[in-house]
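Here the protein sequences line up with chains S and A, keeping their order.
Read in order, the letters of the first sequence are residues 1314 to 1738 in my numbering.
Read in order, the letters of the second sequence are residues 64 to 487 in my numbering.
Worth flagging that the hints you see were computed from the coordinates, not collected in a lab.
Heads up, the beta-carbon is just placed ideally off N, CA and C, and yes, glycines get one too.
Treat the hints with care, since some could be wrong.
[Said to hold, decoys possible] Derived contacts from chain A toward chain S, CB cut-off under 8 Å, selection only:
no., residue
1, D98
2, N136
3, Q160
4, K322
5, V343
6, R379
7, L383
[Said to hold, decoys possible] If we take Cβ atoms under 7 Å as the criterion, some of the chain S residues that face chain A in the derived model are:
no., residue
8, W1360
9, R1499
10, T1612
11, S1613
12, A1614
13, R1659
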Amino acid sequence: MNTNTSRGEADLLVIGAGLSGLMAAWQAARAGLRVHVIAKGAPSLHWTAGTVDVLGYMAAASATAVADPMNALSALPGYHPYSLLGAAQVRAALADFLALTEAAGLPYVQGDGNWLLPSAVGALRPTWLTPQAQAAGDARRTAPMLIVGFSGLRDFYPHLIAENLGKQGVPARAAMLPLELISTARDRNAIHLAHALDEPQRHQALGRALRQLVQPGERIGLPALLGLEDHGATWAALQSAAGAALFEIPMLPPSVPGTRLFQAIRRSLRDLGVRVDMGIEAIRSHTAAGRIEWVETATSARPMRLSAACYLLASGGVLGGGFDSDHTGRMREVVFDLPLTVPQRRSHWFRAEFMHPAGQPVFQGGVAVTAAMQPCHPDDPAQPLYANLWAAGGVLAGADPIQERSLEGIALTSGWAVAQALARR
Amino acid sequence: MSSFTTSWQSAGPSLDECIKCNICTVYCPVAAVTDKFHGPKYSGPQAQRFRENGQPQSPDHSVDYCSGCRVCNEVCPTGVRIAEINTRARAALAAQQGIPLRNRLLGRSDLLGKMGMIAPGLANFAMNNGLVRAVAEGVMGISKGAQMPRWSTQGTFAAWLKRSAARRLKSADKVVYFHGCSTMYYEPYVGQAAVAVFEHNGFEVLVPEQGCCGLPLLNNAEFAAAEGYHERNLDYLTPYAQQGYPIIGTSTSCTLTLKEEAPDMLDIHTPAAHDLALAVWDMFEWLRDLYQAGQLRTDFNALPLVLPYHPPCQYRAHHLGSPVMDILTLIPQLDVRESAARCCGGAGTYVYKKEKYQIAMDVGQELFDFVAEQGADVTVTACTSETCRWHIESATHIPCRHPIEVLAAAYGLYDLHARRLLKE
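Could you put the whole structure together from the sequences, leaning on the hints where they help?
Here it is as structure tokens:
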């Protein structure tokens, strides 16, 4: 025996535990399918701001932010994942995501059009859904902001944020508090601080300090570390102690809002009986007669075979690890060796200008799919390559999630759509 | 400096995959409870850049507080083998500073086992005597709170095999059993349960000469000694591997060491080491494969129990999903509840070190709380790793069993509470 086999009885094997894979798993499990999720490691949600960007900018025309993505979808090219999915599916998927987060105790909110939320350098991020704790930072409102940092906390500089907000017409001032209000431990990262703030004594002390700083009419921006496991209660208690609206500003990774979202969805999946196995890296597959027969994963010795009725590739793109390249720049999709629209020469990956408004080609390519999200040859968009394989999220071709600010929106809606299609079968 | 610490054939290159995202620090159970460990990113890939290429000094001595649980490897999105980088760094540190006698002792589970077996009753008395333990803590730094295993008072596993030789099944289907030190000297009943399960499924069990896998030595920075241990096992076991016998172990850390840790850490990438690694199976990995092939007997008795099960870090490092859950859930009326706790805290010999005992208890709190939440009628828990079982038992005051004991009980072959075979 040179391979071993897991109890492969799943209806759906999801490869990747990012937003697309998790959303697909949740939606499919709710529809009664048996789902198994595997991932090489913790997903890139831990790197993100925790918001759901649907469409912030139209690619190659990125000077002004999109005011309402739902009105802009129809202007996207036909090969864009949103165009393949259609506006109705996009809306339905996002509504289900709101329901999921509400039920998981981490409610997200939708505004009238894109929110404009400050980043850790005071730039404004157009985003469609935000965790409730970031909503009060909306820069479309004119109420003045007090940005509060902590001395000794790296990666968060309130004066920089306030100054940049001011330049964009948002009245803001900055203040510092001692980090010891949260923790006296040395060299803590954001996750440890967020966890420490869950303790009532600490967030009450912080709330009192904030009340002394804030002036009437101000809203307070803080680094995103207002609680972890008990975030909802911690944020509400802090807000009432401070006597002002509080909002979180996401910091550098590890992202507390992204970690909260991952853990909330993972809990929801556990309640539905879905296994999410980390440290399981899919390395190749076996196909026969136009079907995926099994996926092989790396173990400490011989590879393991995992089989299921259907497979969802949700392994992410270049950044998520779904694609790999050799030293010449030949890029390949790791698990199924699917054809890619990514430039196959290293010199063609990037433009000479890093901030070029048209974005970078290496992030724009990916796996071409049919309208039903099944991988296909880029020249033959009607014909799936395998009868039981789907793709969602960062692997998809036809979008530039970085330039468009559409990463989470594409992930959620494409993952959701695959689950819907499978549930109907 | 020993040659092992400058060679970077396996864990080393993965260092360059680190993008400094700190996900490892988010999930590191040790960094979450103590300032003494700065987290996997800092002590691992980051500090490593300063240790490489002949740099004389390690910049960061906190790496000694890494428990080696490998949660960082499990969550790393880019495949950096942080725990292995840390193990090598500890070895480099030890090469500079020397290894305390305590660590040399804790690293030799085979020697400790043999010594205790000279007079197990006396040894158990001493190890559970408060005065002796207070002296051991004061003089040696061995934490007095940590639960010592009890030497077997019914003789070693080998002695039982010899006694029961006439009753053992002969069959054309044969497996090799790797028992490990703890089954040999402390818990022979785990090996008895394994043999009973093999035989119930029609397999003859071969137990060739074998030695300690060397993991405790690797964890205590004694690479040269560990190399000797691994070479010996290669001599003993590779012939069986090359004849096509599966070599199956019940100690999940031993099997991981034979498969991956020893070859990687010691840079033993010979054909023999490769053959052995591919022949080694963890018990439940092999049982799951048997089940998948339709060959596992499923004539289980109902086992009406709520069973909290902790998949130990070492088990997760096999990257196999959860074969124990896959098999135990076949048993009627057994309500197995898998813990999502990151680590029990014990981490092999870690908990036995005075300065680390409290950290081990704090790390394990997540798991101890999970066990408590399963209700007051929980009478037994399960874990595949022996040192974890001892640690979980001492913290929860509930007996902790190897899942193979549970399986043997479900086959009607084993008394789960008395820990003995029913028919011998």
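Residue hint K322/A, partner chain S, criterion CB-CB below 8 Å: Hint on K322/A: holds, closest Cβ of chain S at ~4 Å, below 8 Å.
Minimum beta-carbon distance criterion (8 Å), R379/A to chain S: The hint holds - R379/A has a Cβ within 8 Å of chain S, the shortest such distance being about 6 Å.
Hint check, A1614/S versus chain A [nearest Cβ-Cβ separation less than 7 Å]: OK, holds: A1614/S within 7 Å of chain A, min 4 Å.
R1659/S as an interface hint toward chain A, with CB separation required under 7 Å: violated (17 Å)
Chain S contact restraint for V343/A - C-beta distance below 8 Å: Hint holds; V343/A Cβ to chain S Cβ min 6 Å, cut 8 Å.
Interface hint status, Q160/A versus chain S (Cβ within 8 Å): violated (23 Å)
Satisfaction of the L383/A interface hint, Cβ to chain S closer than 8 Å: holds (6 Å)
Chain A contact restraint on R1499/S - CB to CB distance below 7 Å: holds (5 Å)
When the least beta-carbon distance from T1612/S to chain A is tested against 7 Å, hint result: holds (4 Å)
Status of the hint placing D98/A at chain S (closest C-beta pair under 8 Å): Result: holds, 5 Å to nearest chain S Cβ.
Hinted contact W1360/S with chain A - closest CB pair below 7 Å: holds (6 Å)
Hint check: 8 Å Cβ-Cβ cutoff, N136/A to chain S: Hint holds; N136/A Cβ to chain S Cβ min 7 Å, cut 8 Å.
When the structure is compared with the earlier hints, violations turn up for hints 3, 13 and for no others.
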